[in-house]
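Novice: So you can see what is in the structure, the chains are spelled out below.
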Amino acid sequence: GEDVEQSLFLSVREGDSSVINCTYTDSSSTYLYWYKQEPGAGLQLLTYIFSNMDMKQDQRLTVLLNKKDKHLSLRIADTQTGDSAIYFCAETFSGGYNKLIFGAGTRLAVHP
Amino acid sequence: DSGVTQTPKHLITATGQRVTLRCSPRSGDLSVYWYQQSLDQGLQFLIQYYNGEERAKGNILERFSAQQFPDLHSELNLSSLELGDSALYFCASSVDDSYEQYFGPGTRLTVT
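Those sequence lines, one after another, are chains A and B. Quick note on my numbering: the first sequence kicks off at 1 and runs consecutively. Quick note on my numbering: the second sequence kicks off at 1 and runs consecutively.
Hints were generated in silico from the structure; no laboratory data involved. Glycine residues also receive a C-beta, built at the ideal position from the N, C-alpha and C atoms.
If you only want the chain A side, here are some residues facing chain B, beta carbon under 8 Å, derived: (1) 31; (2) 41; (3) 42; (4) 43; (5) 99.
So that you can see chain A by itself, here it is in the shape it has in the complex (with noise of 0.2 Å):
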């Protein structure tokens, strides 16, 4: 069935790394995303990776998929005080459309 999983908070220092990690279900997904939502605002596509890929680099963003244990995380580098935000873990699966699936979302608050 369809169910993607994250923790619901993370603490980081400025400056540090920060990892959010979220598991997934669906042996057929097809892509697999990473969307950031701030206080008030919309959801922003941050990065994806397709289910045949291990890892993607993007700036400070750096996606790993464990296909075998349905596992993603988004490590982000030299996390920034803007970096504070809810994050979310989503898929798409083969014969679901291009309908997303969404986690509950993981709150990253980062402190000086």
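Model the placement of chain B on the given structure of chain A, informed by the hints.
Specialist: What follows is chain B alone, placed relative to chain A:
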């Protein structure tokens, strides 16, 4: 700014009423998606339209309906409103059945 616009930004109405939420996709995008974000259910896919035709349906109540017009803007109609319909409603758009969905800022609906 994703290029997706939604109006109104906020809407307050009473139980039993009917409201219409409007979405204009990014220029050139043919697909429009509607999502609901609530504290209880998280982010849930409601419905997708592609070039005027319904493409996929999610957990959309029978009291809710949507359409996409020839100019590609979309409207989500919510009727016989209940307190539990209070939520953020997001519209997203993509070029076609593309894997990149871009979200609007949302409409916050409060039912009193």
